[in-house]
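Construct the complete structure from the given sequences, taking the supplied hints into account.
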Amino acid sequence: ETGEIVSGMAYMYHHNNTAAWRTVEMIELLNGARKPGDFIKGLDLTEWIDQINAGKGRFQTRGLEEATTMVDRIANSVFSEYWAGRRTPITAEDEAFQDKHGHHKWAHKHLQTMYDAGHLSGLGNSPQARLDRIKGKGLEKLLIHPELKMAAGFAPDADLSEELLDAVSPVRQGLSASVRDRDRIRQEIAASRNMYLPEMLDDALMGLAREVKGKTSEEVYQIVRESVYTAVFAHEVGHSLGLMHNFGGSDDAVNYFDGYWKLRDDGKVGPRLNDPISDKEIDGKIYNYAYSSVMDYAGRLTIDGLGVGKYDRAAILYGYSNKVEVYKDPGSVPQRWKQWFDGRSEILQFFVLGPQAVHYTTIYNETGPKMYLDDNRMLVDAGTLSTDLSQASVDGQTYYRVPYVYCTHGRSDLSDSCLTRDFGADSMERMQHFLAEWDTWYLTRAFVRGNLGMNNNTYANRYYRRIYNRIKQWHDIYGLYAAFLPQFYAPQTLNAFLTDPVNGWGGNTWAIQNAFQYLVETILMPDVGSYAKRPQADGSSLWQAGGGGNLSLGVTDARYYSTSWSFGGQGGRECGYFWYECLERIGFYVDKVMAMMAISDSRTNFVARANPIDIREWHVSYYNTFSESIRTINAALQSGDWSRVGPFRDGAGKIRFPNYAGKLTTIHPDAIDPAADFTVQLYFSLLGQANFMTNYDRAFLDEAQVWIKGTGKGPEVAASNLVEFTDVDSGMTYAALKRERGAGKAMIEQAQALFLRSNECSGPACASNVNANQRAVATAELKKYMQLLKAVAEMSFLMNYGHPLNP
Numbered sequence: 012e013t014g015e016i017v018s019g020m021a022y023m024y025h026h027n028n029t030a031a032w033r034t035v036e037m038i039e040l041l042n043g044a045r046k047p048g049d050f051i052k053g054l055d056l057t058e059w060i061d062q063i064n065a066g067k068g069r070f071q072t073r074g075l076e077e078a079t080t081m082v083d084r085i086a087n088s089v090f091s092e093y094w095a096g097r098r099t100p101i102t103a104e105d106e107a108f109q110d111k112h113g114h115h116k117w118a119h120k121h122l123q124t125m126y127d128a129g130h131l132s133g134l135g136n137s138p139q140a141r142l143d144r145i146k147g148k149g150l151e152k153l154l155i156h157p158e159l160k161m162a163a164g165f166a167p168d169a170d171l172s173e174e175l176l177d178a179v180s181p182v183r184q185g186l187s188a189s190v191r192d193r194d195r196i197r198q199e200i201a202a203s204r205n206m207y208l209p210e211m212l213d214d215a216l217m218g219l220a221r222e223v224k225g226k227t228s229e230e231v232y233q234i235v236r237e238s239v240y241t242a243v244f245a246h247e248v249g250h251s252l253g254l255m256h257n258f259g260g261s262d263d264a265v266n267y268f269d270g271y272w273k274l275r276d277d278g279k280v281g282p283r284l285n286d287p288i289s290d291k292e293i294d295g296k297i298y299n300y301a302y303s304s305v306m307d308y309a310g311r312l313t314i315d316g317l318g319v320g321k322y323d324r325a326a327i328l329y330g331y332s333n334k335v336e337v338y339k340d341p342g343s344v345p346q347r348w349k350q351w352f353d354g355r356s357e358i359l360q361f362f363v364l365g366p367q368a369v370h371y372t373t374i375y376n377e378t379g380p381k382m383y384l385d386d387n388r389m390l391v392d393a394g395t396l397s398t399d400l401s402q403a404s405v406d407g408q409t410y411y412r413v414p415y416v417y418c419t420h421g422r423s424d425l426s427d428s429c430l431t432r433d434f435g436a437d438s439m440e441r442m443q444h445f446l447a448e449w450d451t452w453y454l455t456r457a458f459v460r461g462n463l464g465m466n467n468n469t470y471a472n473r474y475y476r477r478i479y480n481r482i483k484q485w486h487d488i489y490g491l492y493a494a495f496l497p498q499f500y501a502p503q504t505l506n507a508f509l510t511d512p513v514n515g516w517g518g519n520t521w522a523i524q525n526a527f528q529y530l531v532e533t534i535l536m537p538d539v540g541s542y543a544k545r546p547q548a549d550g551s552s553l554w555q556a557g558g559g560g561n562l563s564l565g566v567t568d569a570r571y572y573s574t575s576w577s578f579g580g581q582g583g584r585e586c587g588y589f590w591y592e593c594l595e596r597i598g599f600y601v602d603k604v605m606a607m608m609a610i611s612d613s614r615t616n617f618v619a620r621a622n623p624i625d626i627r628e629w630h631v632s633y634y635n636t637f638s639e640s641i642r643t644i645n646a647a648l649q650s651g652d653w654s655r656v657g658p659f660r661d662g663a664g665k666i667r668f669p670n671y672a673g674k675l676t677t678i679h680p681d682a683i684d685p686a687a688d689f690t691v692q693l694y695f696s697l698l699g700q701a702n703f704m705t706n707y708d709r710a711f712l713d714e715a716q717v718w719i720k721g722t723g724k725g726p727e728v729a730a731s732n733l734v735e736f737t738d739v740d741s742g743m744t745y746a747a748l749k750r751e752r753g754a755g756k757a758m759i760e761q762a763q764a765l766f767l768r769s770n771e772c773s774g775p776a777c778a779s780n781v782n783a784n785q786r787a788v789a790t791a792e793l794k795k796y797m798q799l800l801k802a803v804a805e806m807s808f809l810m811n812y813g814h815p816l817n818p
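In the working numbering, the protein residues as written are 12 to 818.
One should not assume that every hint holds.
[To be verified] The calculated lysine-lysine pairs, modelled on DSS-like cross-linking and capped at a C-alpha distance of 25 angstroms, are:
1) K296 x K279
2) K111 x K339
3) K749 x K674
4) K720 x K665
5) K273 x K339
6) K146 x K273
7) K146 x K674
8) K291 x K273
9) K226 x K46
10) K381 x K334
11) K749 x K801
12) K749 x K146
13) K794 x K544
14) K749 x K795
15) K67 x K291
16) K226 x K296
17) K795 x K152
18) K724 x K148
19) K152 x K724
20) K665 x K67
21) K674 x K795
22) K724 x K544
23) K381 x K279
24) K794 x K720
25) K724 x K795
26) K724 x K801
27) K801 x K148
28) K720 x K749
29) K67 x K296
30) K46 x K67
[Stated by the list, open to error] Simulated DEER-style distance windows between Cβ atoms:
31) D168 x K116: 50 to 60 angstroms
32) S289 x G379: 16 to 26 angstroms
33) G721 x H115: 27 to 37 angstroms
34) A140 x P380: 55 to 65 angstroms
35) D392 x Y707: 47 to 57 angstroms
36) A188 x R460: 21 to 31 angstroms
37) D661 x R460: 39 to 49 angstroms
38) D688 x W576: 18 to 28 angstroms
39) L400 x D688: 49 to 59 angstroms
40) W576 x D661: 53 to 63 angstroms
If you're looking for bench data, these hints aren't it; they were derived computationally from the structure. This structure is a prediction, so every number in the text was calculated from the model and none was measured. Glycine is no exception: its CB is placed at the ideal position from the N, C-alpha and C atoms.
Following this line, the structure appears as structure tokens:
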């Protein structure tokens, strides 16, 4: 006895009851018990309710067949071109090494070869060094939007002090560091103290809302409370018994509840791309059975509602009685169990004929119900295990250990597995569910509804990590392997592997394809409002927000661009005394910025590097996988030509987006204004020029740059390779490289198009059939556009060449 007083406290009831009531409110809204205009003051949710009840969110995922262009570009990338003629063939010795040690250890030495070649390495490539060249310049202040000030915790009209710039400016990385790290640190502190934070239930509650639709308020309330308390109490008791968090519980399909596989086995068990969820599985609530440990943070409230899982029992048996489980009959491919354990549910092998992944449904098809049935498992002493822990020897007979996936908070939320608040057993399933939840429940994120703890700052801190940084990190390992595999395999082999859902990474490709689609749709999301098709100053036409339109976009198709407050009326307001207490909704502008941060961020955090002193820094961003698409998108952003890239109205009057993983060559005559204003244009160009340059690809910088001739701030290029525009007001000539669909070229051509229709133009080259009013509009638009052209020219010089006295 030490005399110490050890105490603990668990405060569970108030928040859980409050959370249960929030779910009741949502159910009443979906069931019609609440009027569509009452849930959020002044917003009619009739169409949104119909959309949700029909099971159709705004975001529509793309099929794997629409990833053809994406995969072809990966298979024939600059990395593949580099290794052509010098590839390292896989040998039988390589296969044997992987069988014994796993593909991770085998890959390390070859990753070093790739790193030394400069592929995705940080050698000689410092995005922050390029950003530092903008610091303190007038250009930096142009990037600061009032919405960003609020996201960093400042008032929207706050002066641009050094303190504010340090916190907000993308040049100084203050905002990105804050939103990326603050919530993570808070979660890690909670995890290290075995605390289950209130907001950890939020996403799960929304999943339950649809499941219990049709029940009375009291029934819903009791169902939610029972599910919450079963999961939370079991989770906390697990901590009391010595269990750490296990965020691999939702990945471990081998050890799901038996009910999962009894529903899944309908005679055809395969990846969801080939074997979509059936009505029987939906009615049987199959994902309620899809976990192995209550020590995970569930992605739906009913997950964990069945109590302790197979992992939890196995962990207690090992910890308290030194027993482990083995299979009586390991099936026809017994090495699978070691592979499943070593790969933490992800089995990847590099064979002579090509890379191969083993899907979890393949394992089930190899073993059948013997994989999960209790009567095929038995307990043995842990001391009988082999040194690699994969087998046990009992009375001269060899048994294969039942493999459990374990992944605690130190490794969580870094890639496409070991995730918090997820469900689904592979990358495709998890991404599919995340995309549906993120898009569907925009209302519960963005609208305050009296929540005093909600503001722009907490919104950014919470949802960058939960949504946008998660999408960024999802791509990291995919992007790394997309550059790694060409070292061994030709384009045709890579193409087959990346599109095969069963024996390859078809599901991973689907996930990355749709994650990228989601990010770009966020950046180019139109504002809520009434739209009319209006002629533009350059002679094109565009559906634009404003009065008098016959196209109305609500929250089923668009998002509110700006933050708003309730200023009351008739002598008072009930929301509070100060204006900031009357916040109604968070503007989607900050989501656009967070999406741009995620799409451009090249920093990585790969756990399990080769050794403790391995300080290799890999630079991986979505640009590595979608370089051509991103350059095309940038050209549209900088020129305002939305015909190929922007949202559009299809023949049936529905709002659609192009396939951003595709070629982006189709022209849509009914393009819609994507609410991508001056700061969005500058932001994308800045982050792109800082991050989208590799040792083998300068295309983004080359295509994006604009310079003023005769100033020494641009390259010396033959006139035949240039496009030029002379500003009449200043007399300066702006130039860009003549690159097809390049951003710089598009900007010069846009300025020229405006000039030819403006009052600045005289002579036969000027546009005809333009009236005086149209010329006045074009003149004003040209002067406005020149501000963007000048800003990009300054940015291009600083990013490409720096300051001669301060390199």
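Each hint tested on the structure:
Distance hint between K296 and K279 is fulfilled; the C-alpha atoms sit about 18 angstroms from each other, no more than 25 angstroms. Only pairs whose Cα atoms come within 25 angstroms are accepted, and K111 paired with K339 is accepted, the gap being roughly 23 angstroms. Pair hint K749 plus K674 holds up; C-alpha atoms about 20 angstroms apart against a cutoff of 25 angstroms. Restraint check for K720 and K665: the C-alpha separation of about 45 angstroms exceeds 25 angstroms, so the hint is violated.
For the hint pairing K273 with K339, the CA-to-CA distance comes to about 21 angstroms; that is within 25 angstroms, so the pair holds. This hinted pair does not check out: K146 and K273 have alpha carbons roughly 60 angstroms apart, beyond 25 angstroms. At most 25 angstroms may separate the alpha-carbon atoms for a hinted pair to count; K146 and K674 exceed this at roughly 36 angstroms. For the hint linking K291 to K273, the alpha-carbon distance of about 11 angstroms falls within 25 angstroms, and the restraint holds.
As the CA atoms of K226 and K46 are separated by approximately 17 angstroms, the hinted pair is consistent with the 25 angstroms bound. A distance of roughly 20 angstroms separates the Cα atoms of K381 and K334; the hinted pair therefore holds under the 25 angstroms criterion. Between K749 and K801, the direct Cα distance comes to roughly 19 angstroms. Compliance with the 25 angstroms bound is thereby established for this hinted pair. A distance of roughly 30 angstroms separates the Cα atoms of K749 and K146; the hinted pair therefore is violated under the 25 angstroms criterion.
Between K794 and K544 the alpha-carbon distance is near 23 angstroms, which keeps this suggested pair within the 25 angstroms criterion. Of the supplied pair hints, the one linking K749 and K795 holds, its CA atoms being roughly 24 angstroms apart against a limit of 25 angstroms. The hinted pair formed by K67 and K291 meets the criterion: a straight-line CA distance of about 19 angstroms does not exceed 25 angstroms. Proximity of K226 to K296 is assessed by CA-CA distance (about 16 angstroms); at most 25 angstroms being required, the pair is judged to hold.
This hinted pair checks out: K795 and K152 have alpha carbons roughly 17 angstroms apart, not beyond 25 angstroms. Restraint check for K724 and K148: the C-alpha separation of about 16 angstroms stays at or below 25 angstroms, so the hint holds. In summary, the hint linking K152 to K724 is supported, as the alpha carbons are separated by about 21 angstroms, within the 25 angstroms threshold. With a C-alpha separation of about 13 angstroms, the suggested pairing of K665 with K67 holds against the 25 angstroms cut-off.
For the proposed pair K674 and K795, the alpha carbon gap of about 31 angstroms is over 25 angstroms, so the pair is violated. For the hint linking K724 to K544, the alpha-carbon distance of about 40 angstroms lies beyond 25 angstroms, and the restraint is violated. As the CA atoms of K381 and K279 are separated by approximately 17 angstroms, the hinted pair is consistent with the 25 angstroms bound. A distance of roughly 19 angstroms separates the Cα atoms of K794 and K720; the hinted pair therefore holds under the 25 angstroms criterion.
Taking the CA atoms of K724 and K795, the gap is near 23 angstroms; set against the 25 angstroms cutoff, the hint holds. Proposed proximity of K724 and K801 is supported: the alpha carbons are some 13 angstroms apart, at most 25 angstroms. For the suggested pair K801 and K148, the alpha carbons sit about 13 angstroms apart, so the restraint of at most 25 angstroms is met. Among the hinted pairs, K720 with K749 is consistent with the structure: their alpha-carbon atoms are about 15 angstroms apart, no more than 25 angstroms.
For a cut-off of 25 angstroms, the pair hint linking K67 to K296 stands: about 19 angstroms separates their Cα positions. For the hint linking K46 to K67, the alpha-carbon distance of about 21 angstroms falls within 25 angstroms, and the restraint holds. For the pair D168 and K116, the supplied restraint of 50 to 60 angstroms holds, since their beta-carbon distance comes to about 56 angstroms. A beta carbon spacing of about 19 angstroms between S289 and G379 agrees with the range 16 to 26 angstroms that was offered as a hint.
The given range of 27 to 37 angstroms is broken by G721 and H115, whose C-beta atoms sit roughly 55 angstroms from each other. Taking 55 to 65 angstroms as the suggested C-beta distance range, the pair A140 and P380 conforms, at roughly 58 angstroms. Distance hint for D392 and Y707: a CB-CB separation of about 55 angstroms, consistent with the stated range 47 to 57 angstroms. A188 and R460 have their C-beta atoms about 30 angstroms apart, which keeps the hinted 21 to 31 angstroms range intact.
In this structure the hint that D661 and R460 lie 39 to 49 angstroms apart at CB is violated, the actual value being about 34 angstroms. Take D688 and W576: their Cβ atoms lie about 21 angstroms apart, and the range 18 to 28 angstroms holds. The hint said 49 to 59 angstroms for the Cβ distance between L400 and D688, and at roughly 57 angstroms that hint holds. At about 36 angstroms, the CB distance of W576 to D661 disagrees with the hint of 53 to 63 angstroms.
Of the hints listed earlier, those the structure fails to meet are numbers 4, 6, 7, 12, 21, 22, 33, 37 and 40, in rising order.
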